[in-house]
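Colleague: The primary structure of each chain is shown beneath.
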Amino acid sequence: MTQEMDLNQRFEDYIASDQKIEAKDWMPDAYRKTLIRQISQHAHSEIIGMQPEGNWITRAPSLKRKSILLAKVQDEAGHGLYLYSAAETLGISRDEMLDALHTGQAKYSSIFNYPTLTWADMGAIGWLVDGAAIMNQVPLCKCSYGPYARAMVRVCKEESFHQRQGFQIMLNLSQGTTEQKEMAQDALNRWWWPSLMMFGPNDASSKHSEQSMRWKIKRFSNDELRQRFVDMTVPQAELLGLTVPDPDLQWNEETGHYDFGPIDWSEFEQVVAGNGPCNRERIETRVKAHENGAWVREAAAAYATKSAERTSSQTSAA
Amino acid sequence: MSAPKAEWPLWEVFVRSRQGLSHKHVGSLHAADATMAISNARDVYTRRQEGTSIWVVKAEDITASSPSDKDVLFDPANDKVYRHPTFYDLPDEVKNM
Chain A
1 MTQEMDLNQR FEDYIASDQK IEAKDWMPDA YRKTLIRQIS QHAHSEIIGM QPEGNWITRA
61 PSLKRKSILL AKVQDEAGHG LYLYSAAETL GISRDEMLDA LHTGQAKYSS IFNYPTLTWA
121 DMGAIGWLVD GAAIMNQVPL CKCSYGPYAR AMVRVCKEES FHQRQGFQIM LNLSQGTTEQ
181 KEMAQDALNR WWWPSLMMFG PNDASSKHSE QSMRWKIKRF SNDELRQRFV DMTVPQAELL
241 GLTVPDPDLQ WNEETGHYDF GPIDWSEFEQ VVAGNGPCNR ERIETRVKAH ENGAWVREAA
301 AAYATKSAER TSSQTSAA
Chain B
319 MSAPKAEWPL WEVFVRSRQG LSHKHVGSLH AADATMAISN ARDVYTRRQE GTSIWVVKAE
379 DITASSPSDK DVLFDPANDK VYRHPTFYDL PDEVKNM
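Residue numbers (the numbering used here), protein chains in the order written: chain A, 1 to 318; chain B, 319 to 415.
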């Protein structure tokens, strides 16, 4: 018991003095569990997040746009892989995480349960969804768990290209024909509120926030980050000549921030509960991809075993 | 859903970012064998010219010191300040030392 108290004290000291916790360090079970939940959900979001954009790869308007979109979707896969391996350092296996995703036990960001109806959605996703993700992710580069923080540094470096290419799509459309501008406005109308929901519930009703802040996994509250996102994005929308779909939105001289209207949390809850427009389709697609790849995984493993056996029998014969 | 199957082994990946620097740990990945680990590492960790050379090592082949041995291993260096040049006070007149 005393030994555990010592270990706990050392852990608390590390956290207090902003030192990183590394994989083999002692950590409280609840800290480990929280990280596994958060990092694996984050990884799942990257992997499921490939689908809404993958939907437009074959229909991108030019070869240049197609190459960019391919590179972006490949980055999302990479981000998922960095994060899965960060989670594995905490003692959960890749298969366990994938099973949790495939059976619906694990959650992923609810934004990816919305459909991508037009090419402008590629712009809105890059600009708003990746913009919101960056807002959430930059503070995670300083999170107390070393492997997660290091993975996030890589992710953040790559993410800014995503946001800029999205904004450029929106810019081109909003400077184009009337139809193109309408398409951009329509995408903003559909993605604005779900993007604000990406920051999670209001602070008062966020069940994991407080403990995560104490452990320095989370550095800013959901509402703080959401406000920063609104403050950053509204002037960008003005630059595009588009209207943010919120009649209550206005600059507040006193606070130095934009006031914005109430978020429809019932929609958020519905989507999180599995009733968003694309929840079922996203998981079905993921499971199908996994099952279709099974023979490749098995064949490669069999080949590796066989080659290893051949090498060792040759060595022993010589 | 199928029960968890045997996963491909885990490999730790080390990348030399440019000539003249040593390889540095960048993360890990799963692959069936070393050849596949190298090509997966290329795709996962060097999409933006982050490297000129890759090492992959099976994670199970790495022996690491344990955090609980930290004091035993590293404390003996604590009281040997005379290993550092700043330990030695020299007159200001001495130049180039």
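Some hints here could point you the wrong way.
What the hints assert, rightly or not - Which residues of chain A face chain B? A partial, calculated answer using Cβ under 8 Å:
#1 Pro28
#2 Tyr31
#3 Glu88
#4 Leu90
#5 Ser93
#6 Ala149
#7 Ala151
#8 Arg286
#9 Ala289
#10 Gly293
#11 Trp295
#12 Arg297
#13 Lys306
#14 Glu309
Just so you know, the hints here were simulated from the structure itself, not pulled from any lab data.
C-beta: ideal position from N, C-alpha, C; glycine also.
Colleague: So, for every hint listed, does it hold in this structure?
Modeller: Going through the hints against the structure:
1. Pro28: violated (15 Å)
2. Tyr31: violated (15 Å)
3. Glu88: Holds, about 7 Å.
4. Leu90: violated (13 Å)
5. Ser93: Given a least distance of 6 Å, the restraint on Ser93 (chain A) holds.
6. Ala149: Violated, because the Cβ-Cβ distance from Ala149 (chain A) to chain B comes to roughly 12 Å (cut-off 8 Å).
7. Ala151: holds (7 Å)
8. Arg286: violated (12 Å)
9. Ala289: violated (14 Å)
10. Gly293: violated (12 Å)
11. Trp295: violated (12 Å)
12. Arg297: holds (7 Å)
13. Lys306: violated (10 Å)
14. Glu309: violated (12 Å)
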